[in-house]
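Colleague: With the hints as your guide, set chain B onto chain A.
Sequence order for the protein chains is A and B. Following this note's numbering, the numbering of the first sequence begins with 1 at its first residue and continues without gaps. Following this note's numbering, the numbering of the second sequence begins with 356 at its first residue and continues without gaps.
None of these hints come from the bench; they were simulated from the model. Computed from a prediction, not measured in an experiment: that's the story for all the values here. The beta-carbon is built from N, C-alpha and C at its ideal position, and this holds for glycine as well. Fair warning: there could be bad hints in the mix.
Covered, in the sense of this in silico footprint (three residues per stretch, anywhere, with C-beta under 8 Å from a C-beta of chain A), are these stretches of chain B [to be verified]:
(1) 555–564
(2) 602–612
(3) 880–891
(4) 923–930
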Amino acid sequence: MYKHVFFLFLIVITLSTACQEDEPVSTSETGLGDIVVINEGKFGGADGSLSIYNVDSQRVENNVFENANSSKLSANIQSVALHQDQAFILCNVADKIEIVDASTLQRVAPPIEDTVIITPRYMTVADNKAYVSVWGPYDENYRPYDSKIAIIDLTDYTITTLNAEDGPEGILAYGNKVFVANSYSNTVSVINTQTAQIESTITLGSTGPVRLALDRNEDLWVSTGGFTNDVPHFYRIDPTTLEIEASISIEDTRATGNFTFNSSRDSLFFMSDEPYPATGTAIYAMSMTATTAPPSALINGNNFYGIGIDPNTNILYVGVVPSYETAGTVLRYRTNGTLINDFPVGIAPNGFISR
Amino acid sequence: MKKILLFIISGLSMLPAAAQEFDREQWLEEVEIVGIPPEKYAAGSKIETIDSTAQAVQLSGSLSDLLAQNSSLYFKEYGHGMLSTVSFRGTSASHTAVLWHGLNINSLTLGSTDFSNLPVFMFEAVAVHYGSGSAWYGSDAIGGSIVLHAPPLWTPGYSLQFVQTLGSFGQNFSGLKSTYGNGKWEGKTTTYYLQTDNNFAFKNTARYGQPRERQQNAGVQNYGILQEAGYRFSSRRYVYLHTWYEQSRNDIQPVMGNNLKPETYEHIRDRHLRSVIEYHQLTAQGHLSLMAGFVNDQQLYNRQAPIATSRLMAQATHEQSMSRKLTLKAGGSFQYIVPEVAYYEPGITQRRYDLFASLRYLPYTRWQLSLNARQAFVTGFRAPLAPSLGSAWTIYQQKNRKLLLKNQVARSYRVPTFNDLYWEPGGNSDLRPENGWSTEGGLQYSQSQSRLSWTAEATYYRLWVDDWILWTDAGSYWSPQNMREVEAQGIELSNRLDWKGKRQQFSVAVHYAFTQSENRKALSAYDRSAGKQLPYTPLHRAAMNVHYQWRQWFVRGNTSLTSKRFLTTTNESFLQGYTLVNLYAGKTLPLGKLRSNLTFQANNLLNTRYQNVSNRAMPGRNYQISLQIHFSHQP
Chain A
1 MYKHVFFLFL
11 IVITLSTACQ
21 EDEPVSTSET
31 GLGDIVVINE
41 GKFGGADGSL
51 SIYNVDSQRV
61 ENNVFENANS
71 SKLSANIQSV
81 ALHQDQAFIL
91 CNVADKIEIV
101 DASTLQRVAP
111 PIEDTVIITP
121 RYMTVADNKA
131 YVSVWGPYDE
141 NYRPYDSKIA
151 IIDLTDYTIT
161 TLNAEDGPEG
171 ILAYGNKVFV
181 ANSYSNTVSV
191 INTQTAQIES
201 TITLGSTGPV
211 RLALDRNEDL
221 WVSTGGFTND
231 VPHFYRIDPT
241 TLEIEASISI
251 EDTRATGNFT
261 FNSSRDSLFF
271 MSDEPYPATG
281 TAIYAMSMTA
291 TTAPPSALIN
301 GNNFYGIGID
311 PNTNILYVGV
321 VPSYETAGTV
331 LRYRTNGTLI
341 NDFPVGIAPN
351 GFISR
Chain B
356 MKKILLFIIS
366 GLSMLPAAAQ
376 EFDREQWLEE
386 VEIVGIPPEK
396 YAAGSKIETI
406 DSTAQAVQLS
416 GSLSDLLAQN
426 SSLYFKEYGH
436 GMLSTVSFRG
446 TSASHTAVLW
456 HGLNINSLTL
466 GSTDFSNLPV
476 FMFEAVAVHY
486 GSGSAWYGSD
496 AIGGSIVLHA
506 PPLWTPGYSL
516 QFVQTLGSFG
526 QNFSGLKSTY
536 GNGKWEGKTT
546 TYYLQTDNNF
556 AFKNTARYGQ
566 PRERQQNAGV
576 QNYGILQEAG
586 YRFSSRRYVY
596 LHTWYEQSRN
606 DIQPVMGNNL
616 KPETYEHIRD
626 RHLRSVIEYH
636 QLTAQGHLSL
646 MAGFVNDQQL
656 YNRQAPIATS
666 RLMAQATHEQ
676 SMSRKLTLKA
686 GGSFQYIVPE
696 VAYYEPGITQ
706 RRYDLFASLR
716 YLPYTRWQLS
726 LNARQAFVTG
736 FRAPLAPSLG
746 SAWTIYQQKN
756 RKLLLKNQVA
766 RSYRVPTFND
776 LYWEPGGNSD
786 LRPENGWSTE
796 GGLQYSQSQS
806 RLSWTAEATY
816 YRLWVDDWIL
826 WTDAGSYWSP
836 QNMREVEAQG
846 IELSNRLDWK
856 GKRQQFSVAV
866 HYAFTQSENR
876 KALSAYDRSA
886 GKQLPYTPLH
896 RAAMNVHYQW
906 RQWFVRGNTS
916 LTSKRFLTTT
926 NESFLQGYTL
936 VNLYAGKTLP
946 LGKLRSNLTF
956 QANNLLNTRY
966 QNVSNRAMPG
976 RNYQISLQIH
986 FSHQP
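Bound-form chain A, shown alone (with noise of 0.2 Å):
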């Protein structure tokens, strides 16, 4: 949240755009696949964009929403969703729902521009329904309130709205429940998928869930630490009794709550910052089993942003912000913390998708 605080003077500052042109690459119908690259953008800059990364060739396209669409996105990005044969990506700055086709990502339906929609984050789909998880305004402290769980019918694109505590963030569906990891406080919200109601609601140690991931054994998985002071912990949930089995605290490290599974969901990388004024940033590896927090990093390295896992090859990707004003890189890693290569992407990638 400082980091909307801060643009107030940061405005100052320059904005900035990111693209780059680079030779587009037909996407490989078999093989491994592409990755596809979520550049945020400068905050409040309008200028996310989307890459792609084609494992088998290793070459990349820029800017691939403005070369299939012929037009910018003008947004800053904070997720892509995949869903069937369709691409969600929730923008902020401009507010929006952006639906394109998931392999030539053309647009197939004009945007969701409702008023509902401010400040989207992240989106889950259950029963051909969207599950969107919405900031809404800030206050004068910039403080998200009036947060909802948008809820759109994929057959029509129509939106009811839920009532959310404020700064919902990670949202994850299983079986016919929806969990919404409530960053502003300590709990992790549970919607009836049936109901489309909140049926419970499952309270945390730590202030500041913001996301959720399953693991082999199909237990939940909830981090803390990103809009909060308080200690980053892991908490691993039985989705259906919603009982917390296990609670790691990350005392020694700064994690932001950022991470990933490996593609046999048995072990997770999370992000951490150096203690400030240090700008280091280190991944750490640790089991599903695990009890008590890793004592070393995997990877250090500076200015690490996203973190994502690429479930065809287990090969970690990791997105490097240099600064808010240039365009960023992509590390690939093996999961042992081995470099394998870098390419150049758009500003700020902060997440990933394999398709």
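Modeller: For chain B alone, coordinates are given in the frame of chain A:
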């Protein structure tokens, strides 16, 4: 006595024509501070004064528009009438010192000045001092400086000036200026009110289907009052007080994609109180100037806690002629700064002590040298010693022709802003001041006949800035570091031709700048910005004005060209360059003792669709009509 004075003012021989119109004899008798205070000690510098015609025509506009149309400076505007910052010689918004009666009015928290909030109406004289100027102005003068100035009048009588301008999309400017004095006492009162709805129509290229929309949430409301009062004890001693209060409320023009999302609209409110009292005394021992100032800046972003700073400032300088060839000036200043910002730890204050000295030496009548130096001490650290050495050599002189060779080398620095140092979290109290050097050489040719005068100037400069402060991502917050190293070089050309007939006058003025400003080193292993042009730094920028007057009629055409600007330090994407044309036409209407002008103005005549800052819409063709009434009485 006269000799001393002659030497004190002889530096003015290089001043543009306007300042030379003063009667020399009168000069010798009185203490008057005319022109830009440090100009005398700035041999070798490039200094331009905005001509009074341009100022009169754009009287109800902002300093941002005035300078953009009448110089080669690039202004970065976040929408129409929105935050506007200047870039000198490839440097950034906080690398320009803005001096008002010797007081740097840059925000201490942001480090820059919003030129859209400075109305031309408030200033008598606007001068542009290019290049590193820390030896004269202290912190921030890395790329250049803007000097705002108003000399005392000391003429008995009174005058009234009234301006009313109305324009498209709710543009409204009202200004009233009065002066009154008896030669001993003098008062000036200047007030203005500015309002713009800014609901102009534009094609929203950021949205699906590119609908035509009206700009939302871009209104501006701004008013201010400047009260000045002076008392002249004798022809050699006077005291003058300037107090300026202004208040503004700016909506923040949203990015185009959020134009119709009222939930995201934001606004900013500013209040500034600035006050300077100055005392001048001329004796056989020399010229003593004392100055004291107070500034309170307050900014409210939406409904947030105000971000405010207060500063007290005092300065003393003494100037002395040692011989026919040598003049010296030395002084010191003190500033005490108290921020009131909820995001800082409580109890922070800052003291700044500056010591400075200037020397002007004329080895030959045709050769003038100036040497200046300043050393600033700031709570917690010491700024680099900032010297400057300049030379102006008249290579060729005939009775009405002159060719001047100018050279200068100067150091500059910028003290980190309060936000850089103290913002929680992220503020970095270990920051060093930014550190710059610049060197330049130029030729200035001037020629004047009875009807025709012509001046042309060409300058080549190189500029280096190290320890350039950048805010970088430190995880959940940003933090500033002394990171960037920048090297810039460029060429500036200006040319002005004036022709005066019996009933008609004609002038044409052209300014051009070629600016190459590059990062010298990569910031980290995966930064690809080394050797690339800085963002929002156009390679080419030009402005041209053609003015023709026949009897009581005038017509003026202005065109400006801004080349493409990169949006990232890695130069992948850019905003297209654009050309803007503005047209002014007017007539002087005599109304008894009143003198009045009616001016019609068409802005962006070609209806160019352009963006100055990415994703901010700018208006197409629009119009303004302006009435000025002037009345003066001298006993």
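Colleague: Work down the list of hints and note, for each, if the structure agrees.
Modeller: Consistency of the hints with the structure:
1. Given as covered by chain A, the stretch 555–564 of chain B passes the check, having 5 residues with a CB less than 8 Å from a CB of that chain where 3 are the minimum.
2. Counting residues of the stretch 602–612 of chain B whose C-beta sits closer than 8 Å to any C-beta of chain A gives 3, which meets the bar of three, so the coverage hint holds.
3. For the stretch 880–891 of chain B, the stated coverage by chain A is satisfied: 8 residues place a CB nearer than 8 Å to a CB of that chain, which reaches the threshold of 3.
4. Here the stretch 923–930 of chain B counts 5 residues with a CB under 8 Å from a CB of chain A, which clears the bar of 3, and the coverage holds.
Violated hints are absent here; each numbered hint is respected by the structure.
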